[in-house]
Amino acid sequence: MKFTLNGAPRELDAHPLKRLLDVLREDCGLTGTKEGCGEGECGACTVLVDGEPVVSCLMPCAQAEGCDVITIEGLAGNHPLQLAMMREVGAQCGICTPGVILAARGLVEAARRPTLERVREALAGNLCRCTGYEAIHRAVLSAHAELHGPSAKSAAPVPAEEAGA
Amino acid sequence: MARAVAGRQWGSNRTSAAVSRYSAGMTSVGTNVARKDGMDRATGAAKYADDLRFPGMLVGRTVRSTIARGRVTGVTLDFDPAGFTVVDHRDIPGENTIALIEKDQPCLVNGVVRHAAEPILLLAHESRDALIGANVRIDYEREEPLFDPERSQQVFKHILIEKGSLDRGFARAEVVVEGTYTTGAQEHVYIETNGVIAVPERGGMALYGSLQCPYYVLKALKALLGAAVKDIRVVQTETGGGFGGKEEYPSVIAAHACLLALKSGRPVKILYDRGEDMVATTKRHPSIVRHKTGLTRDGKLTAMQVDVLMDGGAYCTLSPVVLSRGVIHAAGPYRCANTRIEGRVVMTNTPPNGAFRGFGAPQTQFAMEVHMDRISETLGIDPVTLRLRNALKPGDTTATGQKLGPDTSAVEVLKEAVRRTSFKRKRAKLAGSGRGIGLALFYHGAGFTGSGEVMLGSRAGLETTPNGVRILVANTEIGQGTRTMLSQIVADVMGVAYENVDIAQADTSVVPDSGPTVASRTCMVVGGLLERCAKQMREQLKGVSPAEHHARHGRLHVETQYEAPPGREWNDKTYRGDAYATYAWGCDVAELAVDPVTHEVSVAKFTAVQEFGRPIHPAMAQGQIEGGSGQGIGWALLEHVVMRDGAMANAQLTNYVIPTTLDTPPMDVVMLENHFPGGPFGAKGVGELPIDGPAPAVVNALRHAGLDVRAIPATPEALAAAPRLAPSRSGDAA
Amino acid sequence: MRTATAPFTLRRARTLDAALKILREEPGTVPLAGCTDVYVALEFGGTPGSRYLDLTRLSALKRITTSGEKLVIGALATYTELQKSRFVRARLPMLVEAARLVGGVQIQNMGTVGGNLANGSPAGDTLPVFAVADADVVLAGPDGERRVPFNAFYTGYRKSVRRPDELIVAVEVPPVIGKQWFRKVGTRAAQAISKVVFAGVRGLETRLALGSVAPTVVRLPNTEMVLNGGGSIDEALRALADEIQPIDDLRSTAAYRRGVAANLVRQFWSATA
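Chains as they are written, first to last, in the working numbering: chain L, 21 to 185; chain R, 12 to 745; chain G, 574 to 846.
I should point out that these hints are in silico values taken from the structure, not numbers from a laboratory. C-beta atoms are modelled at their ideal positions from N, C-alpha and C, and glycine is treated no differently. There's no promise every hint is true.
Cβ-Cβ distance ranges computed for the label pairs, FRET-style [stated by the list, open to error]:
| # | chain 1 | residue 1 | chain 2 | residue 2 | range |
| --- | --- | --- | --- | --- | --- |
| 1 | G | Gly641 | R | Ala615 | 42 to 50 Å |
| 2 | G | Thr620 | R | Lys233 | 40 to 48 Å |
| 3 | G | Ala846 | L | Glu46 | 56 to 64 Å |
| 4 | R | Gln516 | G | Glu598 | 55 to 63 Å |
| 5 | R | Ser138 | G | Gly641 | 52 to 60 Å |
| 6 | R | Gln516 | L | Ala96 | 22 to 30 Å |
| 7 | R | Ala615 | L | Ala130 | 21 to 29 Å |
| 8 | R | Gly85 | G | Thr620 | 39 to 47 Å |
With the hints as constraints, model all of the structure from the sequences given.
What follows is the structure, encoded as structure tokens:
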């Protein structure tokens, strides 16, 4: 299969039903993507496929064919969110951290400052057992301020749903 | 007499600059220095067990019992064994046991099955697919299993704590309040499951794994492998969370991997998937705690009788010490002259329960604190006043007769929590609204119980390196920040920069046995050993920097061993004396709403005021409190281990649910300082304290919201069925 | 993963015709889209099939559009796309709410409407919405397309009228007149599987549907009849008690589901009054 991995073209031979997670870890040797549950519940295996976060434990690698795949190794190590996770101690044991960073990257890079509620919603698919999430939220907000300045316009609140309680 | 708490307050709105009063020169203690391993985590470079590969490595698998009790009558391999390594109990060169406190737990079943998911047979193969496809049939002769701890006749440990005279205490009582409180099992849900790799090397064996206590594993492997393997070393890999779940269990999976590696002569990795990890590994002990309490009408405790029953599961593991910590904390942070606490931990045919953050104390303090709010209702004295009248103060004695030192902060944490949350005003305002606010006051002993530290006799070392100094301890980094916090202590004592201190990987062939990474002991006890090492080394260096000394004279090495502080006494038979070196103190407040349509609870705000000496790294300490609080809220409301036929039936993260970002409330964390002279820079321990308070605070808030809850988890299903309390019973008229 | 996938095959279709041909010629082939159900089954040792067909290249089936009065949701539209679609937001806000509460963002990026329908779980979050919207399921097969009313689509627990050689290609939703209301009950605020899930419409006629209280998602005709006939909510809830059959399982209890189902209908009735 051919795809773009962290910006570079990549070609490899893998069974099409093999999980993208296993292809990344075993065939590509990129072990920063973690497995926590195998059922898409914990988000530790989150990667970006064509820019959107997905759980690589539920994706047959064939579906990534021709796609742009970004793993934690695709961030340079000086991404504002990586630095903020460090600064705010958003990572304790670290096993959920790569997934959290990839799930939150979009929020950090978007020009408008996310509300705390928006951060919570964006990370609801990433379980962390160490931090109680508070330090992670602080890191995301701090990274946004770092990247866009503390006075970035705050995002419009998610439109109130017409339906629902 | 209230006494001001020394030092600063650290809160959620902390400032990042902190000035240490301990060292005139370079200071890192009390500041939020960069975690030693922070960038490795943020870049994914940190290597966990499953990230390691060795040439020729096989994958291992455990075949487990499908019944809870009986005998194995036949094992049939329904596959072509070519390419497979197969191990059963006959392949064990030493003792068939997982050596811990007792040697009752076999490594592999030899006939007798005592719980579901008990290991019977081990397989290894190069290909995971081949391994998955290998069918093994086990035939059994079934026996009737026992799941009800109240019916169990087999007691792993019985403890009695007596102080004063219950008869006298109840004779003085004007009111007696009784109650029974139960807590459920809890799964650790470290996000990295258990995993190890056994690697044969130079006639010996190296075991790499996700674990908290390398020397526990080493002890178990020595008993298992006996003389067959001379040199065994245990190496901790990056560990994706522990919470006690990787205290004793890794000895089991390590034993299995070593047996397969020994037989095949090749490296063998065993990594549990989430389902196996949940079904097979330890849980927090379920508990039933009964209270009978005598009081005067004005709310002074005159007699406390507490009966604690814990379900140990099929083997002893750490149950005796879990019970020990549980009973010692069972009377809560209160003063009572006449106390009798009796505890038992018994056998049932479920997988063994074991260490989990808090180690018995969360169970008993849940009971105590929910009972206190029921007493408050009975007496018509508000929960704050009732607690203030009885809270332990410096100079008071605990149930074991320990006289408390000046670093006793029950009153201070309580008052601060009440003040910050406007507790009394909200308590009055919310009454009858379907919302509630509740609090819990609690404490937690730091370090091993009783004479535990003396028996451990921990050793820690320091050595010079070309860059500075290296810490040599067996204490592990499992997320809580061991590497960073110990480096801060050493840096400041030696007067060197934090950046010039590093820490050796926890490899038993390199580091001395500084004891297990448990019991909120790493900072206070091991940090204390390192403080002594650093002082010694500083003296020996005579003003020369460690790197310079290293360049001129080669490696300089110092080592210290634990010595009991003078005057500390403990009697293991009578359970009298100084149970812990000291205690940390906390008061949590939960504010919540109960949805009348779905009975779902949303915790709107959580306040944690905690005192644990001095935070060495305030941001990491705050992380311990936030994380422990989240885990405690999960235990209180969401986390329900469903057992069927002796096995966890909801063993997957979809069905055993832990809190997500949206279930975890905003937290207001306050760290009061009250320095403990026996700990490095005044530090005590903070790892476990935060899990003691959330469940009773939440349940007391549910009580305030009108629901009579005495058991957790308080799931919506339980709340739908819970008796409703009349608003007049909220007890806050005073 | 407890099921080894190496012995299995995966075909990828570029056109609907090619996909249908594979289904016809290789009976037992399991269609794959977001994989959020199939791969969970494989993780726990299940074997949904040994031959799989990946549909994700059929980009035409991702479209969400309108056709005359009808809202047409392609089977491969993801939960994220449902939330973003201006058509869905304008016409079927209760579906936006349902999609927003499915799993986390990652699952919403992967899971599809067609998958939710094909999986047929009684806890499927979007299904009560389609039930009260009187939607049609569009099936493509060897003989062309056919439309099946959503409320006649399921025949039993995870069983439907879809033939093995057919694919779900779209859901068509006629205009929904009246107030829409949706609520999912899953205890945990996110990433939850429904213990009870409810959708209701209150307009000229009232329509109600519940998930996780019977072997399939169910409309509640008797309860609706009471309410549409001017009966009281208490009378309606008596009718409701007879038309649901909740069970005890790992996630909840029959008693809880029964009580909450009634509470939801009552809350819907007062919220939309």
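For this session: Given the range 56 to 64 Å, decide if the beta-carbon distance of Ala846/G to Glu46/L lies inside it.
Result: 58 Å, holds
Problem set entry | Outcome of range test on Cβ distance (Gln516/R, Glu598/G; 55 to 63 Å) | 57 Å, holds
Exercise. Holds or violated: 52 to 60 Å for the Cβ distance of Ser138/R and Gly641/G?
Worked result: At roughly 56 Å between Cβ atoms, Gly641/G and Ser138/R fall inside 52 to 60 Å, so the hint holds.
Exercise. Between Ala615/R and Ala130/L, does the beta-carbon spacing fit 21 to 29 Å?
Worked result: 28 Å, holds
For this session: With 22 to 30 Å as the target window, see if Gln516/R and Ala96/L comply at their CB atoms.
Result: 27 Å, holds
Problem set entry | Range hint 39 to 47 Å (beta carbons of Gly85/R and Thr620/G) holds or violated | Given range 39 to 47 Å: violated, Cβ gap about 27 Å.
Problem set entry | Assessment of proposed distance window 42 to 50 Å (beta carbons of Gly641/G, Ala615/R) | 47 Å, holds
Exercise. Range hint 40 to 48 Å: satisfied by the CB atoms of Thr620/G and Lys233/R?
Worked result: 43 Å, holds
In this structure, only the earlier hint numbered 8 is contradicted, and the remaining ones agree with it.
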